[in-house]
Each structure stands twice: as structure tokens, then as C-alpha cells.
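Chains L and S are the protein sequences, given in the same order.
If you read the first sequence in this note's numbering, its first letter stands for residue 192, the second for the next number, and so on.
If you read the second sequence in this note's numbering, its first letter stands for residue 193, the second for the next number, and so on.
Hints were generated in silico from the structure; no laboratory data involved.
Here a beta-carbon is modelled for each residue, glycine too, at the ideal position from N, C-alpha and C.
Worth double-checking, as some hints may not be accurate.
With a straight-line cut-off of 30 Å between C-alpha atoms, the simulated BS3-like cross-links for lysine-lysine are [as the list claims (entries may be wrong)]: (1) L:495 <-> L:559; (2) L:371 <-> L:487; (3) L:198 <-> L:648; (4) S:431 <-> L:382; (5) S:431 <-> L:487; (6) L:245 <-> S:431; (7) L:600 <-> S:256; (8) S:431 <-> L:249; (9) L:495 <-> S:431; (10) L:672 <-> L:371; (11) L:379 <-> L:256.
The calculated label-pair distances, taken between Cβ atoms and stated as ranges, are [stated by the list, open to error]: (12) L:526 <-> S:259: 49 to 59 Å; (13) L:255 <-> S:401: 16 to 26 Å; (14) S:216 <-> L:198: 48 to 58 Å; (15) L:202 <-> S:260: 24 to 34 Å; (16) S:249 <-> L:205: 27 to 37 Å; (17) S:419 <-> L:698: 31 to 41 Å; (18) S:263 <-> L:205: 22 to 32 Å.
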Amino acid sequence: MADQAFKIPEYREFPTIPALVPGAMAHSKPYVANEKIQAEMGFPGKLVDNWEEKAIEKFGELLGKYRSLKVFMDSCVHCGACTDKCHYFISTGDPKNMPVARQELMRSVYRRYFTLPGKLFPSLVGARDLTKEVLDEWFSYFWQCSECRRCSVFCPYGIDTAEVTMAARHIMDSIGYGQKYSNEIIVKLNKIGNNLGLPGPALENTLEGLEEDIKEDTGVDVKYPLNVKGAEVLLVTPSADFFAEPHIESLIGYGKVFHAAGISWTLSSYASEAGNFGLFNGSYEHMREVALRVRKAALELGVKRIVVGECGHAWRVAYAFWNTLIGLGAGAKDPFAIELQNQLDPRHMQPSHICEFTWDLIQQGRLKFDKEKNDHRIITFHDSCNVARGSRMGNYAGGQFDIPRNVIKAVANNYVEMAPDTICESTFCCGGGGGVLTDDLIELRVKGAFPRMEALKQVADGQGVNFMATICAICKAQFSKVLPYYGFDMRLVGGVHQLVSTAIRLGDEQ
Amino acid sequence: MTMFLAILFYLAFVIFVAGVAYKIYDYARTPAPLSIPTTPAPTTQSGVAFRMAREVVLFESLFKANLWIWLFGWLFHMALFLVLIRHLRYFTEPVWNWVAILQPFGMYAGFAMAAGLAGLWGRRFLVERIRYISTPSDHLMLVLLLLIALSGLGIKFFMHTDITAVKVFFLGLMMFDIQPLSAHIGLYVHLLLVALLMIIFPFSKLLHAPGVFFSPTRNQVDNPREVRHLAPWAAQIEKN
Chain L
192 MADQAFKIPE YREFPTIPAL VPGAMAHSKP YVANEKIQAE MGFPGKLVDN
242 WEEKAIEKFG ELLGKYRSLK VFMDSCVHCG ACTDKCHYFI STGDPKNMPV
292 ARQELMRSVY RRYFTLPGKL FPSLVGARDL TKEVLDEWFS YFWQCSECRR
342 CSVFCPYGID TAEVTMAARH IMDSIGYGQK YSNEIIVKLN KIGNNLGLPG
392 PALENTLEGL EEDIKEDTGV DVKYPLNVKG AEVLLVTPSA DFFAEPHIES
442 LIGYGKVFHA AGISWTLSSY ASEAGNFGLF NGSYEHMREV ALRVRKAALE
492 LGVKRIVVGE CGHAWRVAYA FWNTLIGLGA GAKDPFAIEL QNQLDPRHMQ
542 PSHICEFTWD LIQQGRLKFD KEKNDHRIIT FHDSCNVARG SRMGNYAGGQ
592 FDIPRNVIKA VANNYVEMAP DTICESTFCC GGGGGVLTDD LIELRVKGAF
642 PRMEALKQVA DGQGVNFMAT ICAICKAQFS KVLPYYGFDM RLVGGVHQLV
692 STAIRLGDEQ
Chain S
193 MTMFLAILFY LAFVIFVAGV AYKIYDYART PAPLSIPTTP APTTQSGVAF
243 RMAREVVLFE SLFKANLWIW LFGWLFHMAL FLVLIRHLRY FTEPVWNWVA
293 ILQPFGMYAG FAMAAGLAGL WGRRFLVERI RYISTPSDHL MLVLLLLIAL
343 SGLGIKFFMH TDITAVKVFF LGLMMFDIQP LSAHIGLYVH LLLVALLMII
393 FPFSKLLHAP GVFFSPTRNQ VDNPREVRHL APWAAQIEKN
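Excised from the complex, chain L in its bound form (with noise of 0.2 Å):
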């Protein structure tokens, strides 16, 4: 790594808050969207030429939809406790990237245009005019952010900085100032099915490859069926499952375990994706639109189980918002809704984890596991934020912690945990989501992946880990790109399912 125009933070004996840097990642912004994008997108091309009346129209709106947004402006008292939370403020010292600094960059701007105090006494309370400065400010900090919600369990009011930083992107691209990455993916997937742009006749030579290797590894006939009408379950995965390192793993895991259940699944190629970048954005029209393939998709295959593949915002998108964005989940009295809840079986949880899923399947002794062979790895568990503060698996609270890990120990014998204040619902970030996995903030990420790293080397010395397992596309993109920087093998991150891959009995071994 010695391209890189930055420095790699080091590892620390004894971690203290670290003293703040003024202006230390002033300099990080991503690429701004192309006209062409952004048209697509349904948003102006380039910045307005009344961008601040526009936004502050844009703002006036979001404060009226969304009690969130609305509450939180009001309630911050800078109290203080989220100051040392945020990975990339650990990580840069930059006073910007602590959660209330990053709120203020709004909150001020809120408090000049919306209250009383703040149209009289702006200085007094901290309240500032949107200038073309604080519009660049707001356009660099709230792309450092990965909306990863760690802020908001420590604040006293619950005030989440995802939140504040989704109503501040999607103001910046109703104006015209949007983020390049993101949109162009919300664009392909639109046009074509996925983020990734893989085209239906492209996903069936992969998918036909996936199956011919296979094959030959264990002489078994697993299928990845596409657009079988009929099948029981819809499988909707991240599309770097696809055929991405080490996401694909993962996909010849899913496979496996519905080969040795017996249970009849397929895919789709009009919904090839699980992720859904209009939630990065905030923006409640793109996330639908996203999400309306898959509802389209399962009525059109008239399958009874959905079930989501390994992928944090994915899951937090499916599990908390499907059922209120196109009526995919239960207890609806609306048409919308009755007509997918009617064609689904309401046995079981719709949707459905594929850890959930399999964990099922365990329980009820239908899979069978030689745990043996993944005796060559020390495995331990990276909770993917979205999944640990957005979501919930199985009934009852915190299933999203133990459904995993329990699903790794039956098909493991070595697991090992980190931290606790790194953990479950005080995770930290790989540094790469939320709408950062570009290059072109390669610093941050590489950067906000620190807080993680530490805990990572504890194991990795103590215990020998080497194995860190994970149920997010975006974290195993991030981490195999960033484990090199910190002396690590970029193996070593890989899924839950690349587990059971390893060790499941097919049941009809030759």
C-alpha cells in the first residue's frame, strides 16, 4: 500500500479519546452525480441556481413527513455522550465527525431558518445562514457518515445521526448536489435488476458456472435456479453474492442449504438485488421503487417464503420497511397489502434471514454438519451495523445477535468473541456503508475500518483468529479492501453461510 496519500492510524496499546483535529478530513468528499444520473434520478442536474431557497423548502417538507428529523432538531442539548462514538471521529480526531458536530452541521441551519431564536440571536445559538460554504461542509460530512446508528443507543434522547444525515442528502439531492456512487447504483439497478448492473442473461451463465463447480467439488447436483415459477421460497441477495470474494461463498452456502433440506427455492432476475441504496439517501420514493421489485417479482413467481440473503442495510430495509413500503409482511387490512399477505405463507416470518432460515432448519435436525472441517479456522463475528441496530431476527429481542452466532457454533468449533464494547449493539462499523464503498473515499474507509481493526488484532494476537465472519455485503466488500492496509490477509473476512458451506452434509454425498 504504498500509493496512498494518507496515514494509516496506528494500532494504540492503551486507546484513549483522541484530541481533536480540527479540519482533518475537510478535504474528503466524494464525486458529485453527473447530470445524466441525476435526471434519471428524477432530480436537477446540477446545483439550482435558488439552491437555498430550494433546500430550505426541501427541509421545511422533511420536517412535516418525518417526526424523526423533527424531534431530533429540536432535542440535542450538547450533552456530550455521543462525542466519542463515531468510528471515523476515533479514527481522523476531526470534531466534525463527532455525531452532534456532524447533527450541528443541519441543527444550525434549522435553528436560522425554522425557530424563533435562532431568526433573532443567530450567533447566540449557534444558528448559521446555508451559504455555499456550509452546503460544502454538509456535502463532505454527511458523505463521512455511514448512518450506522451507533450514536444514537448512546444518546440520552436517542437522537440517530442517520436520520439528520439521510434528510441532509436527500436536501442535497433534491438541489442538484448529489452523491455519484450511490445514485448511479439506485440508476442501474432501476434499469437493470441489480447494483451491479449483471444482466438476466449474464446472472444464468454464472449462476450454470456456480452449479458445474460445484459439481465437480463435491460430485452433488446443487442447483441456483432463476425465475422458477412456483418455487416455495424467493431468495433476494445482495448481487455481489453474485460473484464477488468472498460474497459468493456465502451463495454456494445458501444453495447447499436448501439442496439438503429439500426445500424447492429460486431467484429472480428482475429482483437480483437485496440492497437498497435509496435508504443511504433518505429518500422514501427511490427506497419503494426499489423495493416494489420484489414485491412484483414474488407475485409474479407466486412464492410463498422470501427469504434475504446476507447483507446488514438489506436486512434492515426488508425486515423494518418492507411490510410499510409494499405491503411484504403481515397484519395489513389495506388491498395492497392483502394481496401479497395472501399468496405468502403466514406460518412463517415474512420475510425472512437466511440465518433465521437456517437456524430453522438446524433446530428441527434437518441439516447435519461435519463441524470438523472448518477446524482449521478460529472464527469470530463481526455484527454488521444495520442488522444489530436496525433489525431483529427470530421473536424476541437481540435474535440478531445470537442467530448468527449460534448458526456458527453448530457448524464450527472454534469461535472466539471480541471486545464487548465492540459488539452486538456497540458495534462498529467496517467504515464502508451507508453509501461510502467507493474509491473515491478510500481515505475514510480505510480510516473509519480503524475501531474495528483494533479489536480485530486483539483476537487475531490473543486467540489466533483468523477467520471473521460476517452477514453484510457491503462489510465484506469494505473489509477485503481495507484488511491489507492493516497487515492483515484480506481472506480473512468472509460470510456466515461460507461456514456452512464448508461443513454441511449434502445428504447425498456419492
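Given chain L, work out where chain S should sit, using these hints.
Below, chain S without anything else, positioned relative to chain L:
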């Protein structure tokens, strides 16, 4: 001065009540279009009530975050709560029994309140991160609260005032029958500052008090697979 204070308190009372009521109405009418509790979150309504109770009585999240802020913040708020209860005696005749029982605690709570505030203010100078995020109004708010606490302690312990007259004054205010207040500089300062606090309450960060109850990350039940959370404006999109 009596007349001035009487009018001021009527004004402060109206601004405080109407302002906070409007804010509560505003929070309540604004939809929460998505299920966003910070998980793990309770899966039942009673579970949410319990979570909220822990949040507002014990400051659970703050406890997890930072022990110093928790210590000073919790000390201040609990002491303030006792002090407010103690002050009910100026507005009730006869004084409610449970208020009378809590009287002595409320008296010493005044010191705890001042200590908590001093601790919180100290952090705004001593801790670099908190110094960075503090605005002038953050300091002034603490000064205001501290002066209220100190002036209250002052007229209790050092420069006694005629509290019977104070009580007659406030009982009178409640009946729209203005009674004379004894001239006392400490008392005037105390009352003026309290009125000021009431007036700025609905326009300031003190809105965290009603706000916490409306925080979706804390007050939502974790049940999105069982319940559809469709906001009216979002349902409208479905019709298009």
C-alpha cells in the same frame, strides 16, 4: 414590583404552557413513516413503556455512554425534580401530604442540583470535545439554572424572606387576586429568573423534556413484520 411580577408570571405561564403544548401537538401530528427503533428494542407496548421509564428515570442510554455526564446530569435532574415537588407547597393549601413528607429532601436537593449543574458546566470548559460543541446559549442556560438554584438556596438559608407572603402571592395569582409580595432582592432575582426560564423553555433545547417521549428510536415497538406503519403521506404515494 408586585404588579410587575404578577403580570410577568401570567405572561411566562401562558408562553410556557402554550409553547410546550404547541410543540407537543406539532410532534404528535408529524408522522413517523418508518419503523426505526434502535434495536434491540421491546417487541410489546408495555416493553416500550418500561424502556422509556428507564430512559427518563435512570437515563439508561447516558449511563452506557459516559459515567461523568450521567452522574452530573442525573444528579441535577433528580434534584430538580425534588425541588419542584417541594415548591408545590406554594401552590397548594392545605399542602398535600406526600409533598409535606418530601419537604426535607427537597431542601437538600437544592445543593445537589447546584452541584450537578456546576459539574455539567465544568465539563463545558474542561473537556475539549464538549468545549468544542458548546454554544454561548449552552453556557447561559447553565448559568441561568445555576443562578436559580443559588438564589433559591440563598433565600432559604442566608437571607430569609417571608415565605408566607410568597405563598399568599402565588395562591392569589391562581385565583386572579393579586396579593402584595414583600420587597426582597433575593426573592425578586429568584422569581425573575424562573419566569425567564419558563419563557425561553419552548424555544430552546429544554424541549428535550417533551422531545424524549416522541423520539421514534425509543418509543416505537419493534414489530415491523407484524404491523404495517403506513404514514398518510406515504399511503398517498400508493394511490398514484
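Under the constraints set out in the numbered hints, which ones does this structure not fulfil? Going through the list in order, the structure violates no hint and respects every one.
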